[in-house]
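Peer 1: My request is simple: use the sequences and hints to build the entire structure.
The chain contents come next:
Number of protein chains: 2
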Amino acid sequence: MGDISGGDALLFLTDEQLRQGIEAMFFAYRGFTAAPDAILEGLDYGRAHHRALHFIARVPGMNVKRLLEILGVTKQSLNRVLRTLIEDGLVESRVGTSDKRERHLFLTETGADLESRLSDAQRRQMRAAYRHAGPDAVAGFRQVLEAMMEPGMRATYASLRATGA
Amino acid sequence: MGDISGGDALLFLTDEQLRQGIEAMFFAYRGFTAAPDAILEGLDYGRAHHRALHFIARVPGMNVKRLLEILGVTKQSLNRVLRTLIEDGLVESRVGTSDKRERHLFLTETGADLESRLSDAQRRQMRAAYRHAGPDAVAGFRQVLEAMMEPGMRATYASLRATGA
DNA sequence: TTGGAATGTCAACAAGGCTGACATATGATG
DNA sequence: CATCATATGTCAGCCTTGTTGACATTCCAA
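Chains as they are written, first to last, in our numbering: chain A, 1 to 165; chain B, 1001 to 1165.
Hints are supplied without guarantee of correctness; some may be wrong.
[As the list claims (entries may be wrong)] To spell it out: a stretch of chain A is covered by chain B in this simulated footprint if at least three of its residues, at any positions, have a beta carbon under 8 angstroms from a beta carbon of chain B; those stretches are:
{"#": "1", "segment": "31 to 39"}
{"#": "2", "segment": "126 to 138"}
{"#": "3", "segment": "148 to 159"}
[What the hints assert, rightly or not] If you want the ones that stay clear, here's a sample from chain A, every Cβ over 12 angstroms from chain B, calculated:
{"#": "4", "residue": "Val64"}
{"#": "5", "residue": "Gln76"}
{"#": "6", "residue": "Arg80"}
{"#": "7", "residue": "Ser93"}
{"#": "8", "residue": "Arg94"}
{"#": "9", "residue": "Arg103"}
{"#": "10", "residue": "Glu109"}
{"#": "11", "residue": "Gln122"}
{"#": "12", "residue": "Leu145"}
To be clear, the hints were calculated from the coordinates, so they are not data collected in a lab.
Virtual Cβ for every residue (Gly too), placed ideally from N, Cα, C.
Peer 2: So this is what it looks like as structure tokens:
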């Protein structure tokens, strides 16, 4: 990391290298979503439901506003998804304790079950790729992805990482 | 690369590490598409048009079947996109020479212009991330992405890479 | 000549984005 | 207390981009 001095060290920044990276992102993202998509098929849910379940599982009690920021969609769009999850008993929405305008979101047992199934499938997929590429490659992978994020999302990502562990 | 022996070397495969990688992919993909999306906004085209333009630029004269395989959508879905691009004079469709059932796709000058603008924007974004992360990280990034692809797409990706350079 | 492949097209539908407008409850502030 | 701002929900309508199914055309190949 750090500065690049010059000469051949810059070969990884050629247009051709960048184009290959772009295509790799495109094809890999399909593989990335394939496993959970396969589970969701047949259920009445889609990727949007998966994403909501993921982050509610990740930060139990998260309020709607925060979830909107993370997902980067409008409240109308999220609401459609959230409503079905609540109606179907996968998500519980509790009135905030300190600020009663807020709704805090939690997974029910049923919701946690589905989230686990989706998570497990996606992690299996990811684990296979990681194991194949090895720890050094994974470190590089994470560095490049982090550099690709928009600043706001990088901050969000970091904050989730901090909450983790 | 190669086999992992054991012990601490496997720490990069913990559920928490995998979860972070999953979230990194999610957030990074938004950054990845942001630059071309910004250009497309206002034009009458969307991401689907961008993808078609990209691969037609990449392999001039590609036929429809091949493009369908690469994009992974139905012919009806692609056709809607392709039709507008042809009508608007961005793409030219020529009857195949050896097999006259096939249509071979080419960018017109106008099409190549838009494709360049989109490509340049996305490469700029990618270049910044690459430069920030450095060549070793980029190598790892590419390895993990390739391992994440579904086998069919990995073959397609490799064949495009071979055509490249 | 006949079957199958490549392509195009019509129709209908669904998911999941978006905007705009409006209602409600509650917190915060002068 | 009055007022304004915030958090949330909801209705209506629209767009893009994916899907299936059906059908026509053209043309290669056995």
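Peer 1: Determine whether the non-interface label on Ser93(A) survives the test: each CB of chain B must be over 12 angstroms from its CB.
Peer 2: Non-interface label on Ser93(A) holds, nearest chain B Cβ at 23 angstroms vs cutoff 12 angstroms.
Peer 1: If you count the residues of the segment 148 to 159 of chain A with a beta-carbon closer than 8 angstroms to a beta-carbon of chain B, do you get 3 or more?
Peer 2: holds (count 7)
Peer 1: Are all beta-carbon distances from Val64(A) to chain B longer than 12 angstroms?
Peer 2: Consistent with the label, Val64(A) stays out of reach of chain B, its closest Cβ about 19 angstroms off (over 12 angstroms).
Peer 1: Arg80(A) clear of chain B by more than 12 angstroms, beta carbon to beta carbon?
Peer 2: Non-interface label on Arg80(A) holds, nearest chain B Cβ at 20 angstroms vs cutoff 12 angstroms.
Peer 1: Would you check whether the claim that Leu145(A) is not at the interface survives, using Cβ distances to chain B and the 12 angstroms cut-off?
Peer 2: Answer for Leu145(A): violated, closest chain B Cβ roughly 4 angstroms.
Peer 1: Minimum C-beta separation from Gln76(A) to chain B exceeding 12 angstroms: can you confirm that?
Peer 2: The claim holds: Gln76(A) sits with its nearest Cβ about 19 angstroms from chain B, beyond 12 angstroms.
Peer 1: Verify that the Cβ of Arg103(A) lies farther than 12 angstroms from every Cβ atom of chain B, and report whether the claim holds or is violated.
Peer 2: holds, 23 angstroms
Peer 1: Check, residue by residue, whether the segment 31 to 39 of chain A contains three or more positions whose beta-carbon lies closer than 8 angstroms to a beta-carbon of chain B, and give the verdict.
Peer 2: holds (count 3)
Peer 1: Find the nearest Cβ of chain B to the Cβ of Arg94(A) and say whether that gap is larger than 12 angstroms.
Peer 2: holds, 24 angstroms
Peer 1: Decide, holds or violated, for the assertion that all CB atoms of chain B are farther than 12 angstroms from the CB of Gln122(A).
Peer 2: violated, 6 angstroms
Peer 1: Would you say Glu109(A) is clear of chain B, with no C-beta pair closer than or equal to 12 angstroms?
Peer 2: Non-interface label stands for Glu109(A): nearest chain B Cβ at 20 angstroms, farther than 12 angstroms.
Peer 1: The segment 126 to 138 of chain A covered by chain B? Criterion: 3 or more residues, Cβ-Cβ distance below 8 angstroms.
Peer 2: holds (count 13)
Hints 11 and 12 from the list above are not met by this structure, while the remaining hints are.
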